[in-house]
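Residue-level listing of the chains:
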Amino acid sequence: MAGAMSQNRKAVFSFGRHSIGMIASVLFLAPIVWTVLSTFKPAQEARQPPLPPWPTSGFSIENYETLNTFGDGLWASAQNSIYVSVMTVLLSVLVSVLAGYGFSRFRFPFKDFFFLLILSTIMIPFQSILTPIFLVLTRLGLHNTLTGLVCVYVTLQLPFSIFMMRNAFDAVPREIEEAARMDGANNVTMLVRVMLPLVWPGVVTIALFAFLGAWNEFLAALVLMTDQSKFTLPVMMTALQSGRFGAIDWGAVQAGVTVMMVPCLILFLALQRFYIRGLMAGAVK
Amino acid sequence: MTSVAVATSAPARARKLVGAGRRQWVGLIYVAPAVALVTVFFVIPLGMTAWMSLHNWPLMGEHAFIGLDNYFAILRDTRFWNALKFTAYYTVIVTIAIFAVAFPLAIFIERPRPLTNLYRTAFFMPAVVGFASASLLWSWLLNVDSGLFSPAAFDLGLTGKKVNLLATFQPAFWSIIAMVVWKVAGFTMIILMTGLQSIPQDLQEAAVIDGAGPFARFRAITLPLMRRTLALALILSVAGSILAFDQFYIILRGGPRNQTLTAVYWIFNQSFVSFKLGYGAALSMVLLVILVALSLIQLWLLRKPEGLD
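First to last, the sequence lines map onto chains S and V.
The letter at position 7 of the first sequence is residue 7 when you use UniProt numbering, and the numbering goes up by one with no holes.
The letter at position 198 of the second sequence is residue 198 when you use UniProt numbering, and the numbering goes up by one with no holes.
Worth flagging that the hints you see were computed from the coordinates, not collected in a lab.
Misleading hints may appear alongside valid ones.
To be verified - Some chain V residues near chain S, calculated using beta-carbon distances under 8 Å:
#1 V40
#2 P45
#3 M48
#4 F108
#5 P126
#6 S133
#7 L141
#8 L148
#9 T194
#10 A281
#11 V292
Unchecked claim - To spell it out: a stretch of chain S is covered by chain V in this simulated footprint if at least three of its residues, at any positions, have a beta carbon under 8 Å from a beta carbon of chain V; those stretches are:
#12 22-29
#13 68-80
#14 94-100
#15 141-155
#16 205-218
#17 256-269
No residue lacks a Cβ here, since even glycine has one placed at the ideal position from N, Cα and C.
Use the sequences and the hints to build the structure in full.
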């Protein structure tokens, strides 16, 4: 009797739990799904309120096609965004792996000072130093260039990614290095052949954060990229949404938002483990 | 390294030490690119901000040293203080709202049960979308003619006509709060979850045996043991909110009637719309002091509990 009671209670509890879970999941996913579905309406229908969200007068990719007619076009901005994000990933991984290895395995003058210097930049909001960054880029001849933007984004990634990489290298037992050194490996071979495979999860984590950071950043890109041909996707889409290219075409805006969201969502779903790992590392330490 | 060196003969040891010494210096080369980037794109701009804040610095033409005049001007700049006031108000409200949603979610997904991973992923999805994308998405949902909320409310007969949610302060402000909670709650949830998971299960069980109810357990065990995680989630949320810009720029353009200009938005306007670079730098210094003070409070809150490692 008691067994049957608790069985019942368990079933009720489980039903309640899954109801809450499903409803909350729908609330969180609905805006994303709504947008993605709406982009496949014909332009005429996309101007109407999205009720229902899916296309009713036929499937169409018109909204994506019209995106290319504004300014230099969606593809140009997408190319800028891809270039900036990929370069940010490559450079920040390269710089952080080197620095992480250096901070983990060598003793040199001012080591603690440099490490604290890099980490302490996380305390200072980059929003407050944008004007001088603008002037520095001008002085370096990187004014209004994607390369300049990459330099800024890489610098912003460094405190997190160097911290991650130093911890990753710290976790590699020194015996492995000693053994490789006996076999005559020099520093560079050691790093590339022996150490890198061992810290690979850390590298994936910092690469993921660098990509998402660069792909989604808005304020610095808005301030530093003054030439429309250099706009990244967030800046370009905001210009479109503000009516800079005439009447606001909401269908096109939604298509642009979809192009901006989908890479993030795919990368996150594929590399979720590494993402959560990065969050934990930040949260626990 | 030293234990190996001690075991070898004297000349060999000397050679080894020299080699080791040189190898140690190599570390500088490894960290040099990082230090160079941080110096050029962070330390120098930081120094320049302080320097520029003492100048009248237009975009074109000569800049002139004016001492602390910019700071005196800030004292009289009621629109900046209004922006700071609004930023503080927004920060308090949005942080409470985020925690009110994220904490129950964290408890909901804390323990592995069927489908928990699926729910966790669903709640987290908006967090990986950028603030700009999320703002553009919601500016459409909130649009009075082509959006979702107003037309849906009208169609359902909840409102007599289509209401423009972005035309007056209250609905506009709460729309932003809703959007930010949707976007950020999953992120805060994961951080709180790590705190919940770090609480030893036997403590909770012992309390159950002692007859403590769920509320008493939450107050006496969960909250104290989560102090550092709570402090971290709190600080991340507060710092992020104080620096809010994207959503207010993209969805509201600071409106209606400039009521939603945040501190960063005002600095952006002064520096890059009015091109008063010196004045913008002085405003930045004020913001910077606030954020650094916050970071110091964070370090204090996150200190390791005494007696524990």
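Check of the region 94-100 of chain S against chain V for coverage (Cβ-Cβ below 8 Å, three residues minimum): Result for this restraint: holds, n = 5.
Hint check: 8 Å Cβ-Cβ cutoff, V:P126 to chain S: holds (6 Å)
Chain S contact restraint on V:T194 - CB to CB distance below 8 Å: holds (5 Å)
Three-residue Cβ test at 8 Å for the coverage of the region 68-80 of chain S by chain V: violated (count 0)
Whether chain V covers the region 22-29 of chain S (at least 3 residues having a Cβ closer than 8 Å to its Cβ atoms): holds (count 5)
Proposed interface contact between V:F108 and chain S, which counts if any beta carbon pair is under 8 Å: holds (7 Å)
Closest C-beta approach of V:S133 to chain S relative to 8 Å, hint status: With Cβ-Cβ at 4 Å, under 8 Å, it holds.
Interface hint compliance - V:V292 to chain S, C-beta minimum distance less than 8 Å: Holds, about 6 Å.
Interface hint status, V:L148 versus chain S (Cβ within 8 Å): holds (6 Å)
Given coverage of the region 141-155 of chain S by chain V, tested with a Cβ cutoff of 8 Å and a minimum of 3 residues: holds (count 4)
Hint status (Cβ of V:M48 to nearest Cβ of chain S, threshold 8 Å): holds (4 Å)
When the least beta-carbon distance from V:A281 to chain S is tested against 8 Å, hint result: holds (6 Å)
Hint check: a violation occurs at hint 13 only; the rest are consistent with the structure.
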